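K.L.:
Going down the list, the protein sequences come from chains S and L. For what it's worth, the working numbering labels the leading residue of the first sequence as 11, then goes sequentially. For what it's worth, the working numbering labels the leading residue of the second sequence as 11, then goes sequentially.
These are computed hints drawn from the structure, not numbers from a lab.
A pair counts as met if it fits within one copy or between any two copies, since identical chains are not told apart.
Calculated lysine-lysine pairs in the PhoX-like style (CA-CA distance at most 25 Å, straight line):
1) Lys213 - Lys107
2) Lys203 - Lys107
3) Lys249 - Lys213
4) Lys151 - Lys107
5) Lys203 - Lys249
6) Lys205 - Lys107
All values derive from a computational prediction rather than experimental measurement.
2 protein chains.
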Amino acid sequence: MPELRYDPLRQCWVSIAMERGMRPSDFFKPIDETSRGGFCPFCQGNEHVTPPEVYALRPDGSPPDGPGWELRVVTSKFRALAMEGDLNRETEGVFEKMNGFGVHEVVIETPQHDLGMADYPLEQLEEIIRAYLTRLIELEKEPRFRYIMISKNHGGAAGATLAHSHSQLLAAPIIPPAVSTELDAAREYYRQKGKCLLCDVIKQELEAEERIVSQNDDLMTVAPFASQVPFELLITFKKHQHTFAQITKSQVTSLAWALKDTLTRLKLTLKDPAYNLAFHIAPNTNAQLPSGNWTTLEMDFHWHLEVIPRLIQIHGFERGMGFYVNFTPPEEAASYLREAGPPDVSGSAL
Amino acid sequence: MPELRYDPLRQCWVSIAMERGMRPSDFFKPIDETSRGGFCPFCQGNEHVTPPEVYALRPDGSPPDGPGWELRVVTSKFRALAMEGDLNRETEGVFEKMNGFGVHEVVIETPQHDLGMADYPLEQLEEIIRAYLTRLIELEKEPRFRYIMISKNHGGAAGATLAHSHSQLLAAPIIPPAVSTELDAAREYYRQKGKCLLCDVIKQELEAEERIVSQNDDLMTVAPFASQVPFELLITFKKHQHTFAQITKSQVTSLAWALKDTLTRLKLTLKDPAYNLAFHIAPNTNAQLPSGNWTTLEMDFHWHLEVIPRLIQIHGFERGMGFYVNFTPPEEAASYLREAGPPDVSGSAL
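Based on the sequences and whatever the hints tell you, model everything.
P.N.:
Below is the structure:
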């Protein structure tokens with residue numbers, strides 16, 4: 011019989027429908043259709059095609075916007091938000107709007123066209139995390155940005171339109187809804203119990219063990235109790251930390267390990283599936299806020315990473331109602347992923 | 011420059027990014043991969059393969075679960091929820107769960123394997139609406155069901171796993187999150203202003219005209235101001251009505267016309283795209299509720315239909331953050347759809 015489970019972070023019910031019992035092999039798909047051949051604007055030598063770089067890793071001291079880089083951050087050509095004018099909030103009857111004021115950047119993670127994030131050596135993952143951190147801290151200086159989203163699309167089924175591995179940053183004057191809901195949940199839990207909700211979830215998951223995929227001293231990867239989709243994962247620091255911007259040098263190394271370990275297990279178990287990665291962090295503390303005790307709220311939040319494999323097409327109940335039906339219980343997903351390893355995270359997964 | 015727009019119903023911001031300017035032809039896709047050949051459990055003569063019918067239209071008076079039907083409703087073989095035992099709510103530390111107590115039904119809309127909903131004559135659409143209504147009213151008699159979801163997946167990209175046109179009902183002991191948020195918005199607006207939010211939206215949209223796709227005396231179809239995805243549509247009665255179960259006989263005919271007109275415009279403009287249909291209605295008034303003035307809340311809600319074309323893969327900001335970036339402004343979508351018609355809704359669109 012199916013089971014309804016409540017997700018305390020997202021504050022919603024999910025149906026875990028064991029009857030269909032979908033296994034990893036039910037999700038294997040031919041490699042997806044993002045163009046692997048043809049001209050690639052993210053490859054070395056094509057730097058003139060992208061907007062100028064705002065950050066780059068150039069160990070050879072090469073000049074900007076030419077070859078020689080190991081990582082580049084550029085403004086997106088297809089901007090979801092843009093840095094022009096001011097917010098210009100306007101009300102039109104029941105509707106409200108403002109300029110799409112913000113920054114949309116692309117992190118070109120590697121000069122190598124055919125590698126995925128699971129394939130990088132640990133050092134390269136550390137450099138990517140440092141690039142996120144540097145841009146996050148820089149973008150948070152602008153007080154009109156309420157939130158910096160960091161996200162990755164791996165594979166066409168996850169929304170990637172270019173095969174060359176990259177991730178994206180979006181600095182916005184609003185807090186995204188999925189994070190808003192989690193902030194509300196964190197604040198309410200703290201108000202009621204005087205402690206952090208995710209800290210309590212982590213404690214319980216470490217005791218229960220059955221949904222833990224892997225861990226190191228600092229971080230753990232867990233298949234959430236009320237996973238919305240098969241093989242959904244959450245990567246989090248075990249100790250409370252409200253935003254990614256707080257992480258220390260040694261924690262960067264730990265996080266690189268956790269990412270490498272988790273993405274390698276996914277790749278091995280599900281044959282390189284499409285997935286999204288999303289950083290759920292506290293809002294920008296430098297934002298000029300009209301009201302509310304947001305400082306407390308930010309401290310109550312426990313930042314984490316969502317890993318969302320895109321194995322199946324979500325259907326009407328999910329897209330139209332927000333009610334998810336998951337045919338792979340998280341306990342089984344965690345078990346498959348544990349069996350895949352421990353991968354050798356020190357080298358390449360290829 | 012992109013524009014940020016606030017959706018008062020869903021209570022979230024959306025980026026309408028005009029720069030990319032995606033037109034209908036950018037979304038044309040080869041017909042999708044749901045099996046059009048092979049054995050079909052929903053075709054006439056294969057009734058023994060499905061669970062027994064709970065409702066059917068049999069003008070020839072033929073016996074149940076054999077040929078002769080024009081429409082059948084059966085229990086789903088892959089149940090997201092099932093009618094067994096009781097709710098059995100349990101708390102496990104920070105987590106809550108209960109039995110997946112509910113009913114999951116499939117409406118086989120036609121014996122004809124290759125027709126889509128846009129292709130049916132008006133009379134058949136009326137019969138489908140009457141089937142939804144009959145099952146809704148029957149399922150709402152069970153007080154443990156808090157909500158009856160009605161939804162449709164057209165095409166593999168919308169989550170349909172069988173090509174033969176069908177829709178689904180899911181009676182659940184919880185209110186789905188997307189409806190919950192809209193209920194909150196409706197209640198808050200009513201509390202503040204003493205009137206219905208969607209009534210005000212409708213009034214403003216009818217005055218503005220630019221996002222209206224089509225209308226009749228009773229209903230209108232509009233591309234919402236803060237559309238999350240290209241060509242998203244909302245179909246609603248112009249006059250306040252809190253649930254689908256309230257509609258009159260003549261309103262069934264009007265709704266059939268609106269569905270036929272809207273889906274035909276979508277089919278013509280976007281070459282038979284995949285889409286989801288979702289009925290957003292008030293919760294079950296017969297539910298035994300532990301607290302709260304839900305009766306008022308239900309009356310404040312204005313039921314409507316969401317039509318969500320599945321033209322693009324949603325990406326990390328959308329799936330991971332709930333922040334949608336839409337490259338087709340709703341004013342342009344409405345304009346394309348208006349130009350597609352008026353289709354001859356009295357006959358078939360084929």
